[in-house]
Amino acid sequence: MMPSPGAADRKIRCVVIQLGSLTSTLQSIAALKSAKEQYPGLEFQIIASESSAEALRRISWIDQVLALPAQALVESVASGNLREKHALGGLARWAAPLVQFRWDFLVNWTYSASSSYLAALIPARVKLGYTRRKDRTLSAPDGWSRYFQAIIQGGLPQNIHLTDILSTQLLTALQIHFGAPATTSRSLGVFSAELGADSKSLADIAHSEWVARDRSRKWVALQLEGAESKPGWGVENWGKLAAQILRRHPTHSLVLLGRESESRHALQLLSEIRREGQDPERVMNLVGKTDFNLWSTILGSVSWLLTGSGPAAQVASLTGTRVLSLVAGNYRLDSGPYGNGHYVITPLPECAACADATEARHECRSAIHPDTAYGVWSYGSSEWSHLRKVSLEAHFSRLGTSRHLESVNVHRSRVRSIDEGGGVDYENLVARPTALKDWNAMVLEHLARELYCGWTPEIPAQLSRVRIGTDLLRSMREISETSSALSKIAAEAGRTSARLSEKSSGLRSENVMSIDERMELHALSSDLHKLEDLIKRLSTKQPIIAALARLHAVMMHNLSGVQLAELSSEASLWYAQLGEAADRVQTWAARSLQLARPVALATAASAHPTKGTLPVDSVE
Amino acid sequence: MAVDPNLLQGEFNDGSEDCAPEVEQLLAGFLQALIDEYTSEQSEGHIARQPL
Numbered sequence: 001m002m003p004s005p006g007a008a009d010r011k012i013r014c015v016v017i018q019l020g021s022l023t024s025t026l027q028s029i030a031a032l033k034s035a036k037e038q039y040p041g042l043e044f045q046i047i048a049s050e051s052s053a054e055a056l057r058r059i060s061w062i063d064q065v066l067a068l069p070a071q072a073l074v075e076s077v078a079s080g081n082l083r084e085k086h087a088l089g090g091l092a093r094w095a096a097p098l099v100q101f102r103w104d105f106l107v108n109w110t111y112s113a114s115s116s117y118l119a120a121l122i123p124a125r126v127k128l129g130y131t132r133r134k135d136r137t138l139s140a141p142d143g144w145s146r147y148f149q150a151i152i153q154g155g156l157p158q159n160i161h162l163t164d165i166l167s168t169q170l171l172t173a174l175q176i177h178f179g180a181p182a183t184t185s186r187s188l189g190v191f192s193a194e195l196g197a198d199s200k201s202l203a204d205i206a207h208s209e210w211v212a213r214d215r216s217r218k219w220v221a222l223q224l225e226g227a228e229s230k231p232g233w234g235v236e237n238w239g240k241l242a243a244q245i246l247r248r249h250p251t252h253s254l255v256l257l258g259r260e261s262e263s264r265h266a267l268q269l270l271s272e273i274r275r276e277g278q279d280p281e282r283v284m285n286l287v288g289k290t291d292f293n294l295w296s297t298i299l300g301s302v303s304w305l306l307t308g309s310g311p312a313a314q315v316a317s318l319t320g321t322r323v324l325s326l327v328a329g330n331y332r333l334d335s336g337p338y339g340n341g342h343y344v345i346t347p348l349p350e351c352a353a354c355a356d357a358t359e360a361r362h363e364c365r366s367a368i369h370p371d372t373a374y375g376v377w378s379y380g381s382s383e384w385s386h387l388r389k390v391s392l393e394a395h396f397s398r399l400g401t402s403r404h405l406e407s408v409n410v411h412r413s414r415v416r417s418i419d420e421g422g423g424v425d426y427e428n429l430v431a432r433p434t435a436l437k438d439w440n441a442m443v444l445e446h447l448a449r450e451l452y453c454g455w456t457p458e459i460p461a462q463l464s465r466v467r468i469g470t471d472l473l474r475s476m477r478e479i480s481e482t483s484s485a486l487s488k489i490a491a492e493a494g495r496t497s498a499r500l501s502e503k504s505s506g507l508r509s510e511n512v513m514s515i516d517e518r519m520e521l522h523a524l525s526s527d528l529h530k531l532e533d534l535i536k537r538l539s540t541k542q543p544i545i546a547a548l549a550r551l552h553a554v555m556m557h558n559l560s561g562v563q564l565a566e567l568s569s570e571a572s573l574w575y576a577q578l579g580e581a582a583d584r585v586q587t588w589a590a591r592s593l594q595l596a597r598p599v600a601l602a603t604a605a606s607a608h609p610t611k612g613t614l615p616v617d618s619v620e
Numbered sequence: 621m622a623v624d625p626n627l628l629q630g631e632f633n634d635g636s637e638d639c640a641p642e643v644e645q646l647l648a649g650f651l652q653a654l655i656d657e658y659t660s661e662q663s664e665g666h667i668a669r670q671p672l
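So the protein sequences, as listed, match chains L and Z. The numbers in the first sequence follow our numbering, run straight up by one, and end at 620. The numbers in the second sequence follow our numbering, run straight up by one, and end at 672.
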């Protein structure tokens, strides 16, 4: 049945489970905002952690926020103060309002084991994200959830921003179940100072030092990182960056933000600024003096935020403020600031923590020199004058700091046009051979769009950004061979599965059969196991093949059939998809190898249409 | 999995009015997973690793 034309305005009751960190919650808000703009009838109730509830209560278009007192509950049980039986009673009473009626939509964006049990408890017409089956095993019922489980949580780099994944997941489901979005959409704001704040908080803002600031100046916020922040950049580096901005840009002032625990760092930073010959009076120190209301108000009213990887970047991007993030080498761009014109600097050399993905302290960020951070910020903040016709390399050359670009990657975000597939894309502005992990990330994006969006740009357009180096060339040859082998194995496994389905569907019972029939089924099953072993062995050859194997494992885990005939029939369809994905990887490798034909290398300066440089001291 | 809302109305305090086993099992799974996540400090939402 076709949905009615006014479906987008119809009331749609949606419960969202987001029990993750504030950063994850803010990414979810961006996706919900986009859905609400297109489906104004959506009503959101959000189940959140207590630490995120304050932020959510300041959003006018979120109807209700229910905080889960998880920490107190867990601590009470762990300390023995609360018996588990009583804790269950408490949880039951807490969950009771959620199960009073059947929701239209349940969206579980926490992607955790605990949240999947909660999702299973709440009745809803459509469920997205993790839930539990009747036997209480984990279930990822939709394609994007499977991609999330296999690729994102598998720690594999991929190019689709998390906010875009969440938006696409929800909007696609809305379109299927409730019809096309509204033809005209109203742009929504995010945080409102009037909501979720008591009168004291509002008075705090009204009388704050921030409100009384000199508004003729351009304000840049600098978010200090917590002492527990593993890949910290160091107060000395932040101080040198701040001093450079003050020295070269007399019209600018800085505001320091951070928690009370960073007060000592703030004083050290002010000392560093003084040591560099700059006036600390041009810096407003609000570290430890802001609640969420004032903090988000400031982040929404400065021209730039300079930060590490914490939630400040998400708040700033939600409120339209541009962000410069300085992060460790293993940082995922798919969770970077969302929107146009944000910059992310990552160090090129990997440290032990990057290579092992351990919890060890990242030493790599020390490879980012304060001059690099300044150069990137001054380039970004003067885009209005050079319109990006000047390359980043040329800008650094003018500053006399080109050597510092050698040890970093600099990515700039942009919102792509619908013709290019939409969503946020990060482009590396430093011209260097493409790393294998970046190539893999591009291919995974392509495959995901093909699998779950049904549309993807042509390969050549995407390959225009690939620069083949010797290492990548070697990998391409191996990928070409392994993907070809995977394609053949998938084809054989598909045929075997189809035979298994055909044979088992002809049986009167899966338990009672002739010896010949049992042996035949056993032989087919044994063949399938051998082919699965081959897939596992191939997956050790290349990360992109490992990604396909992981996606394959998640798909197999989520087969919905009960009988052998149904299961093997579903499996044969997925083997066909696996084969197509392997063929697509092989095509990418082949096209990439074609790029390796000998050509004259472009110099850094000639790689961009205009070789001009900027008068650095007048960039603003 | 749809759950009868009435099943959650039972009090657990004295065990005199238990809810249906499947609801209790889901709640117990929820509580245990919460404890596991907080104990292992993996309650980071999106990025938390999940065993297949």
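Hints listed in this document are in silico derivations from the structure and should not be mistaken for laboratory results. Misleading hints may appear alongside valid ones.
Unchecked claim - Stretch-level coverage of chain L by chain Z, calculated; a stretch enters the list once three of its residues show a Cβ under 8 Å from a Cβ in chain Z:
hint: 1; segment: 102-115
hint: 2; segment: 118-132
hint: 3; segment: 216-224
Just so you know, these numbers come straight off a predicted model, no measurement behind them. By construction, the Cβ of each residue, glycine as well, lies at the ideal position given by its N, Cα and C atoms.
Quick rundown of the hints versus the structure:
1. Given a C-beta distance limit of less than 8 Å, the hint that chain Z covers the segment 102-115 of chain L holds, as 7 residues qualify and 3 suffice.
2. A stretch counts as covered by a chain when three or more of its residues have a beta carbon under 8 Å from one of that chain; for the segment 118-132 of chain L and chain Z the count is 8, and the coverage holds.
3. Closer than 8 Å: that is the beta-carbon criterion, and the segment 216-224 of chain L has 0 residues meeting it against chain Z, so the requirement of 3 is violated.
Hint 3 from the earlier list is the only one contradicted by this structure; the remaining hints agree with it.
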